[in-house]
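Novice: Turn these sequences into a full structure, and let the hints steer you where they fit.
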Amino acid sequence: MNITLNNRPESIDNDQITISELLVLKNFTFKMLVIKVNGKLVKKDAYSGFKINNGDDVTVLHLVSGG
Amino acid sequence: MTFEEIESKLKNYTVGIAGVGGLGSNCAVALARVGIGKLIISDFDVVNESNLNRQYFFRDQLGQKKVKSLKENIKRINAEINIICNDIKLNENNIVEIYKDCDVIVEAFDLAEMKKMLIETCLMELPEKPIVIGIGMAGFGNSNSIKCKQFENLYICGDEKSEVSDDNPPLAPRVGIVANMQANTVLEILLNKK
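As you go down the protein sequences, you meet chains C and F in turn. Here numbering that gives the first Met the number 0 is used: the first residue of the first sequence is 0, the next is one more, and so on. Here numbering that gives the first Met the number 0 is used: the first residue of the second sequence is 0, the next is one more, and so on.
It is worth saying that the hints were derived from the structure and are not from the lab. Check each hint, because a few of them may be wrong.
[Said to hold, decoys possible] Some residues of chain C that are not near chain F, with every Cβ distance over 12 Å (derived): (1) Pro8; (2) Ile11; (3) Asn13; (4) Leu22; (5) Lys25; (6) Asn53; (7) Val63; (8) Gly65.
[To be verified] Which chain C residues face chain F? A few, computed with CB under 10 Å, are given here: (9) Met0; (10) Thr28; (11) Lys35; (12) Gly38; (13) Leu40; (14) Lys42; (15) Asp44; (16) Lys50; (17) Leu60; (18) Leu62.
Just so you know, these numbers come straight off a predicted model, no measurement behind them. Glycine is no exception: its CB is placed at the ideal position from the N, C-alpha and C atoms.
Specialist: This is the structure we're talking about:
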């Protein structure tokens, strides 16, 4: 399937993937993340159950301290 | 646009700034200089010696509340601006009430968990609001790694990776670049508004 990940087109071998699986696949190893799918926030406790489908627009923000 | 046209447009807008440390104090000053109409600034902290390496405060303000000090400093630059000060620790229960009428919100916290809290609260409660976030500005050099990226109504300014630590402190130049990039992004959003 094809998705958009952080504004870039991305091809993924599966027809469907959970957010947790996507994070492993794409090496997002940081713990402080904010994730949006099709404009809607998905909270951390839903990552393992939330399915990403063909055409979805996914944003993964990685937060670090400093300001 | 001439500067007069820019000023006359900006005076109709309100910008909320969440945290007035390195990012928030410098971003607020930049917006004040170009004539933003109203700033809503929030922070619970007082000016500390260690803040003076990057934050827009002065030695004679040590120990004084940051929101009060910043208001004084901004008024010396531009007395016309309406500044609302909240001497408060922001949390998921007060952010919406404080910032719901702003045209843009600037995220200017230091801690990653506070950044996360603000972004998540705004995405849930104020989903249409433009939020300008600062991520990754510790250390020195490498200016070209600092960028601005847009994800719908979220704008990320910074290098997205340089985390502050004892060996990689936040310093005036890179913090200032990101703070001014946030202010510049606010202008872009507001001046392109129909």
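Novice: Are the hints correct? Go through all of them and say.
Specialist: Hints, one by one, checked against the model:
no., hint, verdict
1, Pro8, "15 Å, holds"
2, Ile11, "19 Å, holds"
3, Asn13, "24 Å, holds"
4, Leu22, "15 Å, holds"
5, Lys25, "15 Å, holds"
6, Asn53, "20 Å, holds"
7, Val63, "4 Å, violated"
8, Gly65, "4 Å, violated"
9, Met0, "21 Å, violated"
10, Thr28, "12 Å, violated"
11, Lys35, "7 Å, holds"
12, Gly38, "6 Å, holds"
13, Leu40, "4 Å, holds"
14, Lys42, "7 Å, holds"
15, Asp44, "12 Å, violated"
16, Lys50, "20 Å, violated"
17, Leu60, "7 Å, holds"
18, Leu62, "4 Å, holds"
Hint check: violations occur at hints 7, 8, 9, 10, 15, 16; the rest are consistent with the structure.
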